[in-house]
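Sequence lines, in order, name chains G and F.
Going by our numbering, the residue at position 116 of the first sequence is 109; the numbering climbs one at a time, nothing skipped.
So our numbering is basically just the index in the second sequence, starting at one, shifted up by 325.
It is worth saying that the hints were derived from the structure and are not from the lab.
Since we're looking at a predicted model, the values are computed, not measured.
Take these hints with a grain of salt, some might be off.
The list that follows gives simulated cross-link-like pairs (lysine to any residue, SDA-like), each with its CA atoms no further than 25 Å apart [to be verified]:
| no. | chain 1 | residue 1 | chain 2 | residue 2 |
| --- | --- | --- | --- | --- |
| 1 | G | K66 | F | R387 |
| 2 | G | K66 | F | A406 |
| 3 | G | K66 | G | T85 |
| 4 | G | K66 | F | L400 |
| 5 | G | K42 | F | Q402 |
| 6 | G | K66 | F | L579 |
| 7 | F | K502 | G | D2 |
| 8 | F | K502 | G | K42 |
| 9 | G | K42 | F | L579 |
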Amino acid sequence: MGDDASALDPAQLVAEHLEAVYRYAYRLTGSAADAEDLTQQVFLTAHQKQGQIRDADRTRSWLFSVLRHCFSKSCNKRRPTPAANIQLNVETIPARPPNAEDIDQERLQQAIDQLPGPYRVVVAMFYFEDCSYRQIAEKLDLPIGTVMSRLARAKGHLRAYLFDADRRTEAGLPRSVARPRG
Amino acid sequence: MESSPIRDPRILEALEACRPGSEDIRDPAMEPLARQLGVFPELAALYERLQQTDRAIAEAFRGVPVPAGLAARVLTQMAAAPAPLDQLLSVPPPGASPGIADSGQAGTESLASPSASAPSPTLREDTPPMRADRRGWRRRGWLFASGALVVAASVLVAVFLNSPKPDRVSTEEVLNKAIAFFNNDARDSGTPLGFGPAPPAGYPLSPALPTRTCQVRWRWVDGFLDLRGVAYDFKAPGGISATVYVVKRPLSGLGSSPPGVPMLATGMRATAVWQEGDLVYILVVEGESREYERFFQELATGPVT
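Excised from the complex, chain G in its bound form (with noise of 0.2 Å):
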């Protein structure tokens, strides 16, 4: 068991821990404001329930799933946006698949911020945490037929927002066209 006393160090906790905390509360709320704001709670929530980290070795982990909570918490505040306009779509796998550096920051954070929130979490926990589908299913206790599909018609979004304006140069097609809906 890894109960190592010294991962809970307040200045260690937040110098192992803070940048990837910050990077995820940002992916999801898609703000640097509200970004620093849940990084807070989440330090805070850990400084207050550290008893309950039983191996240190998932600190991180305890740590994100305190960071999903608290966001999830503040979406079910708002009303649900209705599923129906997430559609399945894999004709927006590029053709030539990008480098990362290719990828524009902000329109994959527009795209993100498109999401309702718990496909915005479920997209999160598959690229940033790497989670697969089971380990999805089984942390936010939902049907692992959810999870396919929530992750499914996420990453299309993603993917149409991301590229499609390129796959569309690409096939003659004006640029303009490709630009993202609302």
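Fit chain F to the supplied structure of chain G, relying on the hints for placement.
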């Protein structure tokens, strides 16, 4: 010859669920996808392109600059925060023998480093020496306070268990639970409306769901959102099946009628929830958004051709 799987939503969802560079494809649940990949080269090419694209997106996902000074701000907040809960609880009563305190708190002590306890110095301060009789009184006082706390907690639990369930679940949780319940529900056991006993007056069917054009059965359901309620099973003229669950549960922020589009559509189930007075109606339609919309059209006008 097998038809192309690229239009099959189940295969496409499985394709999307495989993390780049992982062994996810070997998961037994991915077996249909793995089989199709061996048969359809265009699907295999799509899989490869998706893996590469996901790798790039995952890397981009983590590319967020962190604001300068954030660590200092977070640490300042933590230092100003109250003491950790487990430390407050782990403070032994004055006069208690160190042996008892040590053995009782072994689990949490290993996690609370000395520096982590910095915000609660007053609780860690040494207390002045006390006379033996005062220590005895303090010990009894502590035991009495602990007993009172246990009694108060039991009363609170009893009150909670006997009161209506509070608004603890989110709308989305309700919708997901409705889908899970619907998937395991015996929907052919109800009494047809207009034949046999009438449904209970306390759980009427919503006027937003006219029954003129379709067959409807009602039945009691137990355990839906941990409550007893009534389910109305619809068979619309075009063949669409749906169930609306009616329960008494306080939920906030709901509309007063079913929305025109589902609030959640997933796994071939489209759902919505609304509230009329003290009743919550949760509708689950078999199918996706299209079936949900058709269901309402058929309720209003008969089969859509």
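Verification of the supplied hints:
Proposed proximity of K66/G and R387/F is supported: the alpha carbons are some 23 Å apart, at most 25 Å. Among the hinted pairs, K66/G with A406/F is consistent with the structure: their alpha-carbon atoms are about 21 Å apart, no more than 25 Å. Simply put, K66/G and T85/G have alpha-carbon atoms about 32 Å apart, too far for the 25 Å limit, and the pair is violated. Our distance criterion of 25 Å between C-alpha atoms is met by K66/G and L400/F, whose separation comes to about 24 Å.
Taking the CA atoms of K42/G and Q402/F, the gap is about 15 Å. The hint holds against a cut of 25 Å. Of the pairs offered as hints, the one joining K66/G and L579/F holds, with about 17 Å between alpha carbons and a cut-off of 25 Å not exceeded. Of the pairs offered as hints, the one joining K502/F and D2/G is violated, with about 40 Å between alpha carbons and a cut-off of 25 Å exceeded. Restraint check for K502/F and K42/G: the C-alpha separation of about 29 Å exceeds 25 Å, so the hint is violated.
This hinted pair does not check out: K42/G and L579/F have alpha carbons roughly 33 Å apart, beyond 25 Å.
The structure shown violates the earlier hints numbered 3, 7, 8 and 9.
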